[in-house]
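For the sequence shown, the residue numbers in full-length UniProt numbering are 1 to 878.
No wet-lab data here; the hints were simulated from the structure.
Treat the hints with care, since some could be wrong.
What the hints assert, rightly or not - Taking lysine-lysine pairs in the DSS-like style, the calculated list, with each CA pair at most 30 Å apart, reads:
hint	residue 1	residue 2
1	Lys784	Lys808
2	Lys784	Lys705
3	Lys231	Lys162
4	Lys123	Lys158
5	Lys700	Lys784
6	Lys797	Lys873
7	Lys181	Lys246
8	Lys681	Lys784
9	Lys224	Lys162
Owing to the predicted nature of the structure, the values given are computational and were not obtained by experimental measurement.
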Amino acid sequence: MKKWYRHPIVKTLLILTALVTPVIAALSFVLLAASPDTMSVEDMLRKERRPYEETDTFQGHMVSAIAEKLNMVDAAHLLETDGEYDPDKLIDVLEYARTEGYTDNDLSGLSYRLGDLVEWGRKANHGGQPYLSAISNGGSSIVVCEKTDGTYHYYTVKELKKLLLEDSLRVDGMDGSTDEKELFLEELENGYLLMGENSRLRNEEGELIYTEVWSFDGGQFEEKYAPEGAKDILSVVNSTPELNGKLTEIYDCLQYTINSLYSADLNYKDESSPFKDGKTNLTYLFVNEGKKTVYTNHDEFRNYEDVKKSLESIKSDGNMRYMIQKPDADACEDNLNLDRRTVSYWSAHDEWYTEVLGEDYLIAAAVDTSYPVDDIFRRASDNYKQYAPYVNKAAKAFPISIVLFLGAVVWLTVIAGRRAEEGNELYLHPFDRWKTELSAALAVIPWIFATMLLSAGWHRFDVGEYTADGSFYSYGVSMTAGETAAISAYALLTAICFLVGYLSLVRRIKGRTLWKDSILRMLYQWSKVVITGGGRMALAFWRQRRVLWKTVAAYLAFLVFQWFPVLTSWGVDELPIFLMAAADIAAAVFLIRNALEKQQIKDGIKEIAGGSLDYKFPVKKFQGGDYQDMSKNLENIGSGLQNAVEKSMRDERLKTDLITNVSHDIKTPLTSIINYVDLLKRENFDDPKVKGYLDILEMKAQRLKTLTEDVVEASKVSSGSITLEFMDVDLVEMLNQTIGELSEKMEARQLTVVASLPEEPVIVHVDGRRMWRVLENIFNNAAKYAMPGTRVYADLKIEGNQTSFSLKNVSDQPLNFSSDELTERFIRGDVSRSTEGSGLGLSIAKSLTEMQGGKFELYLDGDLFKVTILFEKVQPVS
Numbered sequence: 001m002k003k004w005y006r007h008p009i010v011k012t013l014l015i016l017t018a019l020v021t022p023v024i025a026a027l028s029f030v031l032l033a034a035s036p037d038t039m040s041v042e043d044m045l046r047k048e049r050r051p052y053e054e055t056d057t058f059q060g061h062m063v064s065a066i067a068e069k070l071n072m073v074d075a076a077h078l079l080e081t082d083g084e085y086d087p088d089k090l091i092d093v094l095e096y097a098r099t100e101g102y103t104d105n106d107l108s109g110l111s112y113r114l115g116d117l118v119e120w121g122r123k124a125n126h127g128g129q130p131y132l133s134a135i136s137n138g139g140s141s142i143v144v145c146e147k148t149d150g151t152y153h154y155y156t157v158k159e160l161k162k163l164l165l166e167d168s169l170r171v172d173g174m175d176g177s178t179d180e181k182e183l184f185l186e187e188l189e190n191g192y193l194l195m196g197e198n199s200r201l202r203n204e205e206g207e208l209i210y211t212e213v214w215s216f217d218g219g220q221f222e223e224k225y226a227p228e229g230a231k232d233i234l235s236v237v238n239s240t241p242e243l244n245g246k247l248t249e250i251y252d253c254l255q256y257t258i259n260s261l262y263s264a265d266l267n268y269k270d271e272s273s274p275f276k277d278g279k280t281n282l283t284y285l286f287v288n289e290g291k292k293t294v295y296t297n298h299d300e301f302r303n304y305e306d307v308k309k310s311l312e313s314i315k316s317d318g319n320m321r322y323m324i325q326k327p328d329a330d331a332c333e334d335n336l337n338l339d340r341r342t343v344s345y346w347s348a349h350d351e352w353y354t355e356v357l358g359e360d361y362l363i364a365a366a367v368d369t370s371y372p373v374d375d376i377f378r379r380a381s382d383n384y385k386q387y388a389p390y391v392n393k394a395a396k397a398f399p400i401s402i403v404l405f406l407g408a409v410v411w412l413t414v415i416a417g418r419r420a421e422e423g424n425e426l427y428l429h430p431f432d433r434w435k436t437e438l439s440a441a442l443a444v445i446p447w448i449f450a451t452m453l454l455s456a457g458w459h460r461f462d463v464g465e466y467t468a469d470g471s472f473y474s475y476g477v478s479m480t481a482g483e484t485a486a487i488s489a490y491a492l493l494t495a496i497c498f499l500v501g502y503l504s505l506v507r508r509i510k511g512r513t514l515w516k517d518s519i520l521r522m523l524y525q526w527s528k529v530v531i532t533g534g535g536r537m538a539l540a541f542w543r544q545r546r547v548l549w550k551t552v553a554a555y556l557a558f559l560v561f562q563w564f565p566v567l568t569s570w571g572v573d574e575l576p577i578f579l580m581a582a583a584d585i586a587a588a589v590f591l592i593r594n595a596l597e598k599q600q601i602k603d604g605i606k607e608i609a610g611g612s613l614d615y616k617f618p619v620k621k622f623q624g625g626d627y628q629d630m631s632k633n634l635e636n637i638g639s640g641l642q643n644a645v646e647k648s649m650r651d652e653r654l655k656t657d658l659i660t661n662v663s664h665d666i667k668t669p670l671t672s673i674i675n676y677v678d679l680l681k682r683e684n685f686d687d688p689k690v691k692g693y694l695d696i697l698e699m700k701a702q703r704l705k706t707l708t709e710d711v712v713e714a715s716k717v718s719s720g721s722i723t724l725e726f727m728d729v730d731l732v733e734m735l736n737q738t739i740g741e742l743s744e745k746m747e748a749r750q751l752t753v754v755a756s757l758p759e760e761p762v763i764v765h766v767d768g769r770r771m772w773r774v775l776e777n778i779f780n781n782a783a784k785y786a787m788p789g790t791r792v793y794a795d796l797k798i799e800g801n802q803t804s805f806s807l808k809n810v811s812d813q814p815l816n817f818s819s820d821e822l823t824e825r826f827i828r829g830d831v832s833r834s835t836e837g838s839g840l841g842l843s844i845a846k847s848l849t850e851m852q853g854g855k856f857e858l859y860l861d862g863d864l865f866k867v868t869i870l871f872e873k874v875q876p877v878s
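Generate coordinates for the entire structure from the input sequences, incorporating the hints supplied.
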């Protein structure tokens, strides 16, 4: 049964939804983002659209207009005298900065003409910076000198330099040379001489004048204009006790005054204002009741006595939307139905209105809503009527589009790579098999180009006007058909790129091919190969350093002798030098490779000598010639030795097989002989000779049986056909049992067994039957070859985690061979072979011990014979 939510039709509808909704959302967003000056959020969400004159936007434009006109009135207070612009007005910069106003009196002695300060500000804001930090400017042009009475005197570096060079002043502690003076002045000018370095100045008579001198580290001016009646700022400060020590404050006040007056001048002379008199539907009427002054843009309202009549004229005009503001909130009037934000704005700025118009002020503003003049209000009204319906729809369409888009994307994420049929088999598109980074680039690069193209032609969609100080008055939004098409195409392309890249990413994650098919993984694997190969080469080079250093050293010496004359001479052509360098590089490669190949042959010889007869030389990697022939011959030697070893081993196996087969064939008749001998002994012959013959026959048959069993056991051990059954065995108990079993043999040879065994169990993990055979063989060996009448010492010790058992005795025969020979097969302790034995006991014991994980060691010292068996100790289970 097909799953409907995976059906191709459903997928198609989801993809269409995911493509269309971003276009709707983008257009809606642009409209909403560009329309705050056209409609407030409250108006956007209203079901019924209000007239423009009742909107918050209209009120905002009125507030902006009133604020601009009040700024102009405030600027007029500063810049005018008797109603006329007065550039010669004196401004005391300290009083202006402290009171945020101006005074006609030169109270501090530091005053400038208004025109100079405004021009200074203009130059500063158009290519200059009058206020320079001494540090950022790379030094100081002012020097501070502290007098003996604690007051200060300020010099320019130029002035102080002149006094020092004329010897009117001398630096304390200097010999008076010109170089020392220049160095001192350089430190001052660069700002290196700081307060606290105890630099003092004396006059010509040697009298101490200044107790300390340092570079001024405050902000400094390039003085474009001088204070009124003075040469410069320093002359005023030095001659005015009240200003002594306040140079930094003076510069700060001057900076503030310049910026403030320049800004006021801009507002005063702003010809680009959208509320300029005669170019607006706005009517304003500002009254200073204390001074009985009226500020208005209508001549008929300028008479103070006609203020009430003027207000009535405004209020009675049916086309006028007005607001009247007074200090008393209850006396305020309007027909705008002011919102709370506008009322709060008026209340918050009451102090400013009082400062501009006095405590008893009146502010009235009105807009003629018939809009006879083409101004900001008229254009905003037209814009509102044109775009408001679309903005209302956009406010609803934007969130709905976002929700639908996210829902479609989530749905597509769930069903990506799945088909309508039952089951969860994943299907990858051909695009999903591209390299991950290439797929991402194909999805992202077109979008980046589209973004760059759109950004290149982008401009503000809100419409308005700029003033001289850079303020922007917006009165709406404007989008042409071409702009709408461009935004729609960009949003559609963005959605396509997103869906192609995102859904491919989802399918890759589901199919676990995101990393597997990536270029980064390929580069990672390649880099691993390169790094590993480089590491191996470096390691090989390091290992062969003893071989290569001679070659490299000789070659470097050759290069020095070759190139030194060339590089120290003139007029050498570039081509011969290039050919020489190429030849040197080729020679270096040849020499190093030749040395490495030589070392490889040496290493191969060591391998063959060490037993690796099948070692193969890398013949194909050799450069050819002697090394190739030598390596082939060495390989042939190795192959010949390998063949000889294999033939020897094959012959040895044949011998072993022959012995084993013969032993097996002997066992059957031997068993019959032993049985018949036993039957004959039961006949109770009386003849002593017959009994003696039977005893000899039984003894020899048993010896032959033992020999046959030893040969078979040795054959099994050498061929590895023994199966071991491991178990935990108490070695103490097994040794006691072995000593008891063989006590008769020991007594027959007059041997005394001295056993030193622990009282607690000593557990080892071995094959019990094979371990018994090992102990039996070494004790039998002692019984056969120990000197009669001596002691046999059996010691069992625990050394850490190891169990050590040793059996030692004095041999009856001299031991004129090594311990290794005794463990070889068919080697016996008596060369004359006068005793019984096969020469296989110790060989079998050693092989069985090592097969069980133990160690079998022999020690010979003169006639002393010692066997040591080592096993790992096993903790007994409680």
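Each hint tested on the structure:
| no. | hint | verdict |
| --- | --- | --- |
| 1 | Lys784 <-> Lys808 | holds (13 Å) |
| 2 | Lys784 <-> Lys705 | holds (17 Å) |
| 3 | Lys231 <-> Lys162 | holds (18 Å) |
| 4 | Lys123 <-> Lys158 | holds (26 Å) |
| 5 | Lys700 <-> Lys784 | holds (16 Å) |
| 6 | Lys797 <-> Lys873 | holds (11 Å) |
| 7 | Lys181 <-> Lys246 | holds (28 Å) |
| 8 | Lys681 <-> Lys784 | holds (27 Å) |
| 9 | Lys224 <-> Lys162 | holds (23 Å) |
This entry satisfies every hint, going by the numbered hints stated previously.
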